[in-house]
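Undergrad: Read off the chains here:
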Amino acid sequence: MASNTSHGSEGGLALDPMHQFEISRIIPINIGGLDVSFTNSSLWMVLTVIAVSALLLLGGKRIVPGRLQSVGEIIYEFISNMVRDTMGDEGRKFFPFILTLFCFILGANMLGLFTLPVVLHPFTVTSHIIVTFALAATVWLGATVYGFYKNGLGYLKLFAPSGTPMVMLPLLVPIEIISYLSRPVSLSVRLFANMMAGHTMLKVFAAFVVALGWAGVVPLAVMVGFTGLEFLVAFLQAFIFAILSCMYINDAMHPSH
Amino acid sequence: MGGDRNRPSPERLEKLGDRLKKAQVTVDERSRPRQRQSNALGFAFRITTELVAAVVVGVGIGWGLDKWLDSKPWFLILFFFVGVAAGVMNVYRVTQSTGGDGSVRRSDLPSVKEDDDD
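Chain order of the listed sequences is A and B.
So the first sequence is numbered by our numbering: it starts at 1 and just counts up by one.
So the second sequence is numbered by our numbering: it starts at 1001 and just counts up by one.
Fair warning: there could be bad hints in the mix.
[As the list claims (entries may be wrong)] Simulated DEER-style distance windows between Cβ atoms:
| no. | chain 1 | residue 1 | chain 2 | residue 2 | range |
| --- | --- | --- | --- | --- | --- |
| 1 | A | LEU232 | B | TRP1074 | 44 to 52 Å |
| 2 | A | PHE114 | B | TYR1092 | 34 to 42 Å |
| 3 | B | LYS1022 | A | GLU73 | 17 to 25 Å |
[To be verified] So these bits of chain B aren't anywhere near chain A, every CB distance computed over 10 Å:
| no. | residue |
| --- | --- |
| 4 | LYS1015 |
| 5 | LEU1020 |
| 6 | ILE1077 |
[What the hints assert, rightly or not] Some chain B residues near chain A, calculated using beta-carbon distances under 7 Å:
| no. | residue |
| --- | --- |
| 7 | PRO1010 |
| 8 | GLU1014 |
| 9 | ALA1053 |
| 10 | ALA1054 |
| 11 | VAL1057 |
| 12 | GLY1058 |
| 13 | VAL1082 |
| 14 | ALA1085 |
If you're looking for bench data, these hints aren't it; they were derived computationally from the structure.
Since the model is a prediction, treat every value here as computed from it, not as a measurement.
Where is the CB? At the ideal position from N, CA and C, for every residue including glycine.
Input sequences plus hints: build the corresponding full structure.
TA: Laid out in C-alpha cells, this is it:
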C-alpha cells in the first residue's frame, strides 16, 4: 500500500490493488513437507490477539472507567446483551467463545485499516477466505457437534420442520440439508468479501489520487468517506458474524424450526 | 443501602429510579436510528450471500455426485434447483427472523420460538 500511495508520484506507478493481499513468509518453517511458515498473515493474527488482549486487560479496573476501560466495558456489555437476546440464559456458557470470536474478528478488521507505511505493511487477516472459512467452519462444526450431543438424534428434526406433510419430506429434507450446509459458506464469504472488496476499493481510489495530480483532491475526499465507511463495515461484519454464530448455536440448543 | 442511617428515603430512591429510567429511554432512542441504518447495509449483503451460498453448495454437491457416479449433467441440474430452493428458503428465514426492517436482532426468544416459524 505504501508504494501505491505515498511513493507513487515518483513515476512508474505500480498499480496493483491486490498486492496488499499477498502472503509473504517471514520465518520459513517446513515440517515434513508441510509449509507452516510464519507469514505476514500469522504476524497480523498475533498482533490482533495482542491488541485485543491489551485493550481488554490493560484497561484497568477503576470504578470510574478511563477511556480504554470504557471501550472494553462497552464491548463486553454489547456482546453480553447480544448473547442474552439471541440465546437466552442458557447461552451464557457460550459467552466467552462469542466474545473472543467477536473481538478477534473486530480486531483483525480494524488493524487492517491502520497503516504504518514503512515499518509494517498493513494486512487484513480476514480478507482471506481460508481464514474466515476456518472461523466459520469451527463455529458450524462446534454447533453441529453440540447439537448432537445435546439432543442426540433428535437434532435431525432440524431438517424436518414440524407440521410438514409426509409427502413434502423427500423434497424438503434435501433443501434443508443444503440450507444447513450453506451456513459456513455464507458466513465466511460474507466476512471475506466485505473486507476484501472494501480494501481493494480503497487502494484503487488511492491510486486515482496519485494518478490525477491536482484533481486527485476529489478521489481523496471520497477516500476519507470510504475509510469511515470501512470502519463501519469492519464493526458490522464482526457483529454479524458473532450474532449469526449465536443463532446457529441457538439452533443447536433448540432444533425445532 | 442506607439501612443504618435512613437518609435516602424511599421516595427519593423512587424519584432517582424514574430519572434513571427516563435517561435510559433517551439513550435508547438516540442510538436506535443509527443502529437500524447501519444494519440495513449489512442486511442487504447478508441476503445476497445467503442466496448465493446455498446455490454454490447445491451445485458443489451435484458436481461431486456426478463426478463420483459418472452421471454427467443430471445431479448437477437436480441439485442446482435444490440449491436455489434452499437459497430462497434461507432468504425467507432471514426476513422472518428479523421482522423485515433490517435489524439483525432477533425478537423471538427461544421460549416462544416453537410456534413462530415453520
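Undergrad: Against this structure, judge whether each hint is valid.
TA: Do the hints match the structure? See the list:
1. A/LEU232 <-> B/TRP1074: 44 to 52 Å: Cβ of A/LEU232 to Cβ of B/TRP1074: about 46 Å, so the range 44 to 52 Å holds.
2. A/PHE114 <-> B/TYR1092: 34 to 42 Å: holds (40 Å)
3. B/LYS1022 <-> A/GLU73: 17 to 25 Å: holds (23 Å)
4. LYS1015: Answer for B/LYS1015: holds, closest chain A Cβ roughly 24 Å.
5. LEU1020: With a cut-off of 10 Å, B/LEU1020 remains clear of chain A, as the shortest Cβ separation is near 16 Å.
6. ILE1077: The claim stands: B/ILE1077 keeps its Cβ more than 10 Å from every Cβ of chain A (closest is about 14 Å).
7. PRO1010: violated (26 Å)
8. GLU1014: Cβ of B/GLU1014 sits 25 Å from chain A, so the hint is violated.
9. ALA1053: With Cβ-Cβ at 3 Å, under 7 Å, it holds.
10. ALA1054: holds (4 Å)
11. VAL1057: Since the shortest Cβ distance to chain A is 4 Å, the answer is holds.
12. GLY1058: holds (5 Å)
13. VAL1082: holds (5 Å)
14. ALA1085: Holds - the Cβ of B/ALA1085 comes within 7 Å of chain A, reaching about 5 Å at its closest.
Going down the numbered hints, you'll see the structure goes against 7 and 8, while the others check out.
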